[in-house]
Amino acid sequence: MENFTPINAIIGGVLIGLSSTLFLWLNGRIAGISGIAGGLDSLDRNEFTWRLLFLTGLIGGVAIYRTAGGTLQDIEIVSSIPVLIAAGLLTGLGTRMGNGCTSGHGICGLARLSPRSFVAVPTFLSIAVITFFLTRHVLGGL
Amino acid sequence: MVNPQKVLGFLDVAGSWDPSLMFVLGSGLLVTIVAFLPITRMAKPVLDVDFRLPTPTAIDIKLIGGATLFGIGWGLVGYCPGPAIASLAYGQIESGIFLGAMVLGLYADRLYRRPTTVI
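Here the protein sequences line up with chains W and Z, keeping their order. In terms of my numbering, the first sequence has 49 at position 49, counting the first letter as 1, and numbering is strictly consecutive. In terms of my numbering, the second sequence has 19 at position 19, counting the first letter as 1, and numbering is strictly consecutive.
Hints are all accurate, no fakes.
Residues from chain W that keep clear of chain Z, each with C-beta distances beyond 10 Å, as calculated:
1) Arg45
2) Thr49
3) Leu53
4) Ala68
5) Gly69
6) Thr71
7) Gly140
Pairs of lysine to any residue, SDA-like flavour, derived with a Cα cap of 25 Å:
8) Z:Lys44 to W:Trp50
9) Z:Lys44 to W:Pro115
10) Z:Lys62 to Z:Tyr107
11) Z:Lys44 to W:Gly39
12) Z:Lys44 to W:Trp25
13) Z:Lys44 to W:Ser42
14) Z:Lys62 to W:Val129
15) Z:Lys62 to W:Leu110
16) Z:Lys44 to W:Gly57
17) Z:Lys44 to W:Phe54
Bear in mind the hints are in silico, worked out from the structure with no lab data behind them. Just so you know, even glycine gets a beta-carbon here, dropped at the ideal spot from N, CA and C.
Using the sequences and the hints given, assemble the complete structure.
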């Protein structure tokens, strides 16, 4: 097991869980990032505003932590640009089609005992594992 | 998870496996599983008149197909939507490229569909 950071992982996970809980309790909505980001084209001003605020907080949280001197990992991306674009497109298309991602289906959907999430989460997890295996260990990296 | 290598390390079950993401998801789920239960019994959320929860119930090809496409994208680079957006705080070009493509993917169906409110 390399680079295993259990403490940070648990703290991070708890924070994600807490924020999803707060969002459901206070605002009555699911903190699914793909849904939040994917609805910014709403013509309803309220819809647009709360989504913008949520995403600002998402980015701002990282920015504030770093500015305050907190140490976060560097971002290491080894993928080529065509792969970045393909992966981004697939992520956007897939989460839109599937109505959710790791936060919406994973953290929130499973907690709500949503049958759709019980299908979606193992699907994207296993497909991701297989994809990684094929690209890294069979193709030698993309 | 804003560093995709952490995620890829978790997906690398056949190689040098980093279980960190499992701990993130696990501890997050522990919180939400426990905390969601009382909340779902509330008549309304604290700051709004009604809950606005996802309505689809069908397990259909859209769901499975979507999860599959997302899984491929996730397995290629190691970014899912949340960390991809959060990584804007780092201002790195690679995550920006991924994010731009992700936005295109998220909004692609507007080419043939009127915008609808996504929960």
